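Those protein sequence lines, which keep their order, are chains S and U. Residue numbers for the first sequence follow our numbering, beginning at 3 and rising by one. Residue numbers for the second sequence follow our numbering, beginning at 37 and rising by one.
Worth flagging that the hints you see were computed from the coordinates, not collected in a lab. As the structure is a computational prediction, the values presented were derived from the model and not from experiment. A couple of the hints might just be wrong.
As the list claims (entries may be wrong) - One-sided and incomplete, this derived list gives chain U residues near chain S with beta-carbon spacing under 7 Å: (1) F54; (2) N56; (3) A57; (4) A59; (5) W73; (6) Q81; (7) T85; (8) L89; (9) I107; (10) T143; (11) L145.
Unchecked claim - Some chain U residues flagged as far from chain S (calculated, every beta-carbon gap over 12 Å): (12) A43; (13) M45; (14) A76; (15) D98; (16) R110; (17) L113; (18) R117; (19) R162; (20) E165; (21) D174; (22) V178; (23) G181; (24) V182; (25) R189; (26) E196.
The C-beta atom is built at its ideal place from N, Cα and C for all residues, glycine as well.
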Amino acid sequence: MTEELRALLRSELDAERPPPIGDIVGAAMAAGRRARRVRRQRRVALGAGLVAVLVLAGLLLRDEATPSRAHVPVVADGTGIDPHVSMPSLSPETVPMMTSAPTGSPRERTVTSHDGTARAGGEQKKATSAAMLQLLTELVRPAKTGEYGVSAGDDLSVRLFVDSGAGAGMLAVTVGRGGAGTLTVDVAHTPGDCSRTTTVTADRPDGVRVRLDIASCPAGGALTAGQGVAVVSDPRWGFTMDAGLVDAGARRFPVVPVAGR
Amino acid sequence: MTGDVLAPMTEDEEFAEFANAHAERLRTTAFMLCRDWHLAQDLTQTALTKLFLSWRRAVLADNLTAYAQKILLRTFLDHRRRRSSSETVHAVLHEPAYRESPELRLTMLDALGRLPARDRAIIILRYFEDLSVEQVADALEVPAGVVKSQTRRSLVKLRELLAADQLTLFAV
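Build the full structure now, drawing on both the sequences and the hints.
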C-alpha cells in the first residue's frame, strides 16, 4: 500500500510545474547570517546593559555602606568643613536648585524690573556678605558647605566650599554693577585655572551683575555649568536683598573671615 | 596539488552541501503540505535558515534529513497557526466547483488538501517521506499512538474522498 500511495503522489507531483527554485540555499544562509548578527548585537547590548546595572548597583551599595554620622552644624567661623559632618551624597546633577524666591512669604509684594523680570518679593534691606552666604548655602542645599569667606573690600563677594558627594570645590559669588537692558547669562570656561574653571555671569536689566566662579579642584567641582546658571539667575541676588535673608545671614554668619583671595 | 591534503569543510560549506542536495525535496514536501509553490518556497527557505542557525546541533542528529523535515513541518504548522482563520475562509470561498462534481475525479493531492493540516502532515511524512511512526511522532511532538490513530482516521477520510478506482491503493 505504501509504495502504491507513494507512486500515486509522485505521478501527481510530476504533473506539477514548480517554479525555479533559484538560490534558495544562498538566501537561507544570508538570512541566517543576518539573524546571527542580530543575536550577537542583542547579546552585546544585553551584556552592556547588565554591566551598567551592576555598576549602578555597586555605586548605590557603596553609598549606602557609608557610615552614618551625627549631623553637626557647620559653625560660621570659617574654620572649614568639619570632617565628621555627614551630608547626603548627591551628584552635582541632583543638587536641588531654588530658582525662585520662596513662596508663602507673609509680606509678599511685587517689584517690577525694567524688562518685567520678576524679582523677589518682600521687604528689602541692604545686601550683606552674610546674607549672600545664607542665600548661596540655600541654593546648593543639601550639599555640605564650609570654608566660608568674604572679600577684603566693600565688594559684595563671598566664597565657600561645597561638597555635593560626587564632586567638591570652591564657589565664589560676586554681585556688582553690570550691563543693563536685557537679561544675559554668559558661561565661560578656563581650563587652565582650576580655581575658576567655569565662570557664569548674569547681567540683569536692573544693572546688577552676578558672577559665579566654580572651581574644579580639588574634586572635580561641586556644580555643573547648568547648576551655576540656576544660581546666578536667582532674582534674590542684588544690592538689596530680602530682609529675611539678611536677618538669617546675620544670625548664622555673625563673623566671617576675610578670604585670602 | 600533489601531496596536498584536502582542507576540511567549514560548517557553512557542510550546510550548503546538505541544503543544496535536499532543498528540492524539502520544497516538494512543503508544496504537498500547503498546495502553493510560492508559499512552499518561503517555507523551505525559512526552514533552511533555521537549520543553518542550528547546524551544530543538527549534525548530531541520527537522521539529518528527518531533522530537516521536522523543522520544515514545524515551520508549516507555525505558519498555519498564525494564519489559520483567514486561510480557512479563503479555502472555502475558492474551492473549485469541479471538486464538488461527482463525475470529476479528485486527485490525491486534492484529497490530502482536505485533511486537517496535522493529519495531512502525518500522511505525507509517513507515506511520502517514509518516516517511521516514531519519527513522525517526534516531529509532531505527539505520542506514537496518536500518530497511528490519526493515520488510520486519515486513510478512512481519503478513501471517502477518492474515486473508486483509486481505492484499491488502500486495500490492506
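So, against the hints stated earlier in the document, which numbers end up violated here? Result: hints 1, 3, 9, 14, 19 and 20 break, sorted rising.
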